[in-house]
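Q: Going line by line, the protein sequences match chains H and Z. Under numbering that gives the first Met the number 0, think of the first position of the first sequence as 0, with each following residue one higher. Under numbering that gives the first Met the number 0, think of the first position of the second sequence as 0, with each following residue one higher.
By construction, these hints were calculated from the structure, which means they are not laboratory data. Hints should not be assumed to be uniformly reliable.
As the list claims (entries may be wrong) - Looking from chain H toward chain Z, a few residues come up when the C-beta cut is under 7 Å (computed):
no., residue
1, Y67
2, G68
3, F69
4, I72
5, A78
6, L85
7, A86
8, R312
9, L327
10, G330
11, W333
12, E337
Said to hold, decoys possible - Here are the simulated lysine-lysine pairs, DSS-like style, with alpha carbons at most 27 Å apart:
no., chain 1, residue 1, chain 2, residue 2
13, H, K325, Z, K286
14, H, K187, Z, K461
15, Z, K195, H, K325
16, H, K32, H, K249
17, H, K5, Z, K461
18, Z, K197, H, K325
19, H, K329, Z, K195
Stated by the list, open to error - Examples of chain H residues toward chain Z, derived with CB under 7 Å:
no., residue
20, L41
21, P45
22, A46
23, V49
24, S66
25, H70
26, L90
27, H111
28, S315
29, S316
30, A321
31, A328
32, T332
33, T334
34, V335
35, E336
Remember, it's a predicted structure, so these values are computed and weren't measured experimentally. For glycine and all other residues, C-beta sits at the position ideal for the given N, C-alpha and C.
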Amino acid sequence: MNAPVKFETTLKDWETDQEVRWCPGCGDYAILKAVQRTLPQLGANPANTVFISGIGCSSRFPYYMESYGFHTIHGRAPALATGVKLANPELDIWLVTGDGDGLSIGGNHMMHVLRRNVNIQIMLFNNEIYGLTKGQASPTSREGTKSPSTPLGSYDRPANPCAFALGSGARFVGRGFDVSKNLPDVLKAAHAHQGAAFIEIFQNCIVYNKDVFEDFAAPKGAEDRQLWLVPGEPMLFAKGTKGIALDTQKLALTVVDVAGDNWQDAGVLVHDATNRSLAHLLVEMPFGPFPMALGVLYDDPRPTFETAVIEERARSSAGKDANLAKLLAKGQTWTVEEKAQQSDGHPA
Amino acid sequence: MATSAATRPQDTDIPEAVVVRFAGDSGDGMQLTGGQFTLSTALAGNDLATFPDFPAEIRAPQGTLFGVSAFQINFGSREINTAGDAPDVLVAMNPAALKVNIAALKPGGLVIIDTGEFTKRNLDKAKYDVSPLDDGSLAKWDVLAFDISALTIEAVKPFGLGNKDALRSKNMWTLGLALWMFDRPRDPVHDWLRAKFKNKPDIANANIAALDAGHAYGETAELSGPIKQLHLPPVDSAPGLYRTITGAEAISLGLVAGAQLAELPMFFGGYPITPASAILHHLARLKEFGVTTFQAEDEIAAICAAIGASYAGQLGVTSSSGPGIALKTEAMGLAIMTELPLVIVNSQRGGPSTGLPTKTEQSDLYQAVYGRNGDAPMPVVSCSSPSDAFECAIEACRIAVEYMTPVMLLTDGYIANAAEPWAVPDPASYTPFPAKFLQEKNGGDTLLPYKRDAKGARPWIKPGTPDLMHRIGGIEKQVDTGHIDYAPDNHQAMTDARVSKVLGVTIPDQEVALGQPGGKLAVVGWGSTFGPIHQAVRRSRAKGLDVSHIHVRHIWPLPKNLGELLHSYDNVLVPEMNTGQFKTVLRDQYLVDAQPLTKTSGQPFAIAELETAIGRFFDGIEGNEGGEVSVNDTQLPSPELDA
Ligand code: SF4
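Bound conformation, chain Z alone (with noise of 0.2 Å):
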């Protein structure tokens, strides 16, 4: 069984995951050292999913509880959907590090600590009245403490760099030494640093130098015993060329790929917005793709520009997070009425107000299905992983285009920043969209740009087309010609008309990610809990449980056959990082007993937690263990399963 797998890699059986998280302070550079560790990992063929975590302060005082920034990341020889509950190695460059990451590590796993930030400041700053290495208090772990400071400040000597700038190659020291124990090669990071400090070949060998220092150390110190190498082999994918990839990356690829199945150039407004900015840097990097990239003066201007090129014939689209998104509502009201082709992508965050800037949450989905005046219909689609998010963002535009009206693209604080392994698509392979803009006349002598098409859409109407000149702003609209109108029916069939072509947006049948449809228990979630859901579910079917995964990818309108798929469970179980918003939609929407599994720390699920919830529902049956979860034990799926 994989669940009997150990995954300490001091054991020597070679487990099929690895969880590792590196820590320290937000100056020590462990957003790259991830980074590079996580590409040097799919380089070497694991499947992966990696956790970057930090704080929303840019500079936070060094050293402190509050300045930590960590990236975890999971790999393995089997598939991975999350960065994994509990870290099997944590990497403590500080005392402070060491306090906030240390209760997650497995009992039995390794810590690696550097002794030379273990100064009495330091582990004041940390809260330490005792240094933990000399208290006993780690005992539960084995504990790999020396000094890594003095080590790289001696790797980099011939470079002359003084202590300050030697110090900064710390974090290549540790990917050295990460590198050697999981036998990865040096090469990509040498690469890497080499096209990174082009104009500073000093600073680019040093790094290198450092890099190598922790690599030897690995090997010097596994012939005196303590650590031991790993080789985790390839995961067995389907043949085809990869790359890892950031959700924010992929909804920037994917609005450039949709944009072109559009055959549209691409108008992005956007207002920089943690953690949205991201999609404005990638795209300001593709002006070629046709893009205009446009910093606004805030997030109103923002939508507004992009729904002002959308009139003007391109695709709008616009990107920011919670707050953002609350300011660009009334312009979104305006795209509804005006019915123009726009995309709105909500990278949430936790909320209310600035809330956590920097941690996840899915608190924004009433606000993207009801969250404007009137009666405001607008279609929504959610991504759940970093590669998801292409295809999102493609079938964001897609409907966008096809059915003149905004659409919301959900996202998530975690999708934005993790990366995974992603088989690179073939553009040829999706069907086109392409515009169509109106070019004469339709309505014989007259001009009608609210006469619908089949799908209910109106006809696109480019300024600068001659003979069909016209007006359009947010009244009300008469049916057909599109003057204002304030008329009592004309109101009600308006106001049907875009209720009915947002419901009758077609998108594919619901289906079951893992399960049947029917039976005892159907977990329904959406957006970046899939990871978790799935293996959880995965798990608990591997102990015999009778529970499915279900995951919704269109938000609104919901698949026509969901109603149904819910009603043939017992039972219907809805996780989200939110109070329950998504359960209420269900509830409202099918009269079905959704039961809220909600989570609202900024962290996303661990398996764990759902295991344990959905073996609540099984209490009493035999086979059930109740939703424990041995400690060993990474989100493996069991191998009967795959059998």
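In isolation and in its complexed conformation, chain H is listed as follows (with noise of 0.2 Å):
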């Protein structure tokens, strides 16, 4: 939103001349990629483009992006991007973070940039693991990872990215995978979005937590597994033949089958983005008994941070003399004046 004139860009000019440095079938290829074919489609100038990581593989991204760029410290990148935004309302910046930079050791600074609402894109790549460390389980890995920190399997309970942005005060919250097809159009609805836009991506680290997505990752049987939800459209996934109904005795959602087109018959809710109880129940809804829940789950702009800021700044310098001067002899003061005898006074 930030790019008002359009411009035109291929995906090859988004690329960087350093060579990748992620394993080979890495989930981070296929974002990369997404990323580079979504940018032109935006019109993105990618002088005004500047990308912001933290540390972890996920965070090398900026590096590869034919842009401005800033790979800044573990969990520091939220913080970091507030500051660029605030000197430069004008640029367009995209967050890359991972679920141990963004949520473990950065996770303070992660809830602020969305409770503030600064007008940023937040990629979180979650692979439910730390790939760069070497494979020691995150604040995302499932009860019972295996890994060398937690050879008998962690014991921890996960934390759920977007149910913590939401509650976080976010106020656009999606999700997508890392070979999606649909990833793009996440991407371009975050950018839509004024305001920090949280998408939580789901990303394969082939070498330590390999296809821990496959349950619903997987081409196979993905329309009995994926919910994508458009806003006013239909919650419908298997081909249309099931739906997501409200329960409205234990106000809980439920999965409820539909008769040929006759959805609303089964009570089949229409995705309002705008509706944050809506969000709540979304970003909660388990994979399993249910679809995971992939594409917009809430999106409903308010005033951005930077706004405030700078609106704050006018009111509060309106009708003041920026004249330093005068400013260093505010307050009482008072004139030595000059003596019409010198007296042999002390040394200067």
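Two independent chains are provided; combine them into the complex using the hints.
A: Here's what the structure looks like:
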């Protein structure tokens, strides 16, 4: 949204001369391509685009994007991005983080960048493992994940990134996965959203947590296990034979069978991305009994942080004279006059 | 001799300086009293220095010893550098304030006591078995004890306030008395009260009535004998415009001036912490100067946001105190690695850990110079007084922008809160150092984000600039190109480049603050110890001792001539409010036998302590009084020196 003038680029224009150093087969490659494919469609200007990341496999991302890029320190990318955006709100900022970077060491900053509603896109690559440090369990690892640091299986309960984002006050929550052809659409919706847009992207770490998302991401049977949410459309999956309805007694979502085209009769909900209560139900919808909710789960903009900062600065400066000499001499002052006859005073 | 000048207000001779300490419960408004007394004193043309000393608790239980808040001011018609070793006048608003402060009062000094607070309950809280008013324990002082509480209630009666509200004006009553004692005008305080209680005229008038009543009491009391009015003539200062300033204000103004000289908007990222928050508060009100203030979620976010702003082309500034600086450490490394300008202000306080939040110390020098992972060189500048803080803030901005580097600016709790008169500088008298941004590729067809200029600085490239897209980060950079590079030779070259850039920062040669190069003893200080060292050296020299004062502003890199200068003395003494940190740096850099003089009580050095220490170097030498200081003496310089 920060590029009012559409800029003509191709996918190639967004590639750098740096050798990409992820493991062969890593899901990061697919996400990189999806982003490089999306930006030309947005008319984005490389000189106006900044990728900011923390530390981890995913955070190498900026080196491979022919735009401005800042590979910062572990967990702090949201804070740094906030400073960049406040200093120059015209820049189009994409944050790249992971489950460890964004929800463990940087969880605090993630919460605050979301609640402040800084107008940036936040891509959290969730591979449910620490890749760069060689495979320890992460805050999103499922219970029982065996890793070098949890040889008998992890026993802490995983965090739910989208629920965390919504709970932190995010006004846009989206979800996709690395090889999904729909990922660019989610990215585009996030980009169109004015404010902090949180996108959880399931990413296959082929080395340390191989295929943990296969149960819903595998192409075979995908339609039964993926619910792609489109604002204004009924929540249907399994080729329209099933849908999501609201059990009003339990205040919970439920899967209903749909006969023919009669989804309305079956009580299937129409997706309203501005309905925060519904968003809470969707982010908590467990995979297994339900399909995986993907796409735009929630999108309801509010004024952005940088707008508020600019307005406050204008209000606070209104009618004031930015004269430094006057500022220095502010308050109660007194003048020592030149003496007619210099006394033999002390040395200066 | 000035040293013979009596300083007791009740003596007939007019002293050249007086030290007054206002002490009361933290709820008694002693800091306000002190602040207003300071302003009146400054307006009367006296030189002055103050020392606010308050508890860490916001609302410490009333009447307790740890809830005592005090404000000391030293003022006079001569140059003043310190808040004074010992008060001539003590105002004690309750038993606890008396107990905590009376020992400091000079023998023969005047203590003014509010007897209205000397109830059994308050005496118990102050751990007095018998009232000190009754047991003769105050015999060596002049005691003026009367019921200020009752007199205040009486004075504000017409305004219909309850007793509790009425007693809030006690501090103004006391201030009124103090203004009378030193022949100060009341008008500025009247104006201030009217402005402060603009929307509550009754409260304003009640306070004014209390102030006037205290003033009138002085006149009456003089007639009956216990106290005399004193008029200290103005100090002989250079012509010009003056105001009072605290260190926190001076840093804020200096940063604004520095950003203007760099022709940059300023971004300030902060997080609440004592005693650094005052800088955030000041800057938050200066938005019209292109200042953005950002109260971050934590110390780390505060510095990271400032780095982000610098990256985007503003002057990033962050500020904290020791514990917060510790949290920012990793991000400082990032700013060093990405070679972005940044100013980090550290208002030092007693440590380690939470330590003494409201007390002063200089114990973060190692942290500033050495305290980062990896070889992470960073310039360090230190302020020696509130007015010096303005100059140092500008200097820190200059180095940051000219050398593309983070700079640590050291101040401390004492400087932050202390006030002194300040000759208002003319902004036009400073040389601008406008920031330059790269506009086109600097390597022919290619961009070289780490190509260095003659000073060793890399170009500043704002995102948004066409054709200059590039990536930076915390991973080691390749020489010139800035690409990731782990090669051994490259890391060696880049480490060397970072070190030599910082060591090459142009700073002025070290001057001798008092005395001359060479001789028996140099007292080498840095930071807020300037005042007491200066006066101790001045007094020692008046006694004929060959001692000089050197005060170092540039802690890193050190001035080029400093080593040679230090070696020109037989002895080097380094007083610091820590366990000897600068002493270690000097020994390391110059193989000089620097002797430490350390103090970590949370209180500034007294002149007498330093004079004693200086005296030890002159034992057995004729004319040396061994550092003994007459109790009646203030910190005045000797007239022979000035002649
Ligand atoms: S460790 Fe995993 S996440 Fe990291 S690059 Fe390799 S496959 Fe990708």
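Q: Hint by hint, note whether the structure agrees.
A: Each hint tested on the structure:
1. Y67: Since the shortest Cβ distance to chain Z is 4 Å, the answer is holds.
2. G68: Status holds, d = 4 Å.
3. F69: Given a least distance of 6 Å, the restraint on F69 of chain H holds.
4. I72: Interface hint status for I72 of chain H: holds (5 Å vs cutoff 7 Å).
5. A78: 4 Å, holds
6. L85: 6 Å, holds
7. A86: Holds, about 4 Å.
8. R312: It holds, given that the least Cβ distance between R312 of chain H and chain Z is near 5 Å, below 7 Å.
9. L327: 5 Å, holds
10. G330: 5 Å, holds
11. W333: 5 Å, holds
12. E337: 4 Å, holds
13. H:K325 / Z:K286: This hinted pair holds, its Cα atoms lying about 15 Å apart.
14. H:K187 / Z:K461: Holds. K187 of chain H to K461 of chain Z sits at ~26 Å (cutoff 27 Å).
15. Z:K195 / H:K325: Judged against 27 Å, a Cα distance of about 22 Å means the pair holds.
16. H:K32 / H:K249: Distance of about 42 Å is beyond 27 Å: violated.
17. H:K5 / Z:K461: 21 Å, holds
18. Z:K197 / H:K325: Holds. K197 of chain Z to K325 of chain H sits at ~24 Å (cutoff 27 Å).
19. H:K329 / Z:K195: At roughly 17 Å apart (the allowed maximum being 27 Å), K195 of chain Z and K329 of chain H satisfy the hint.
20. L41: At about 17 Å, which exceeds the 7 Å cut-off, the nearest Cβ of chain Z leaves the hint on L41 of chain H violated.
21. P45: 5 Å, holds
22. A46: 5 Å, holds
23. V49: 5 Å, holds
24. S66: 5 Å, holds
25. H70: Hint on H70 of chain H: holds, closest Cβ of chain Z at ~3 Å, below 7 Å.
26. L90: 6 Å, holds
27. H111: Constraint on H111 of chain H satisfied, holds at 4 Å.
28. S315: Hint on S315 of chain H: holds, closest Cβ of chain Z at ~4 Å, below 7 Å.
29. S316: Because about 4 Å separates S316 of chain H from the closest Cβ in chain Z, which is inside the 7 Å limit, the hint holds.
30. A321: Holds, about 4 Å.
31. A328: Result: holds, 5 Å to nearest chain Z Cβ.
32. T332: 4 Å, holds
33. T334: This interface hint holds because 5 Å falls under the 7 Å limit.
34. V335: 5 Å, holds
35. E336: OK, holds: E336 of chain H within 7 Å of chain Z, min 6 Å.
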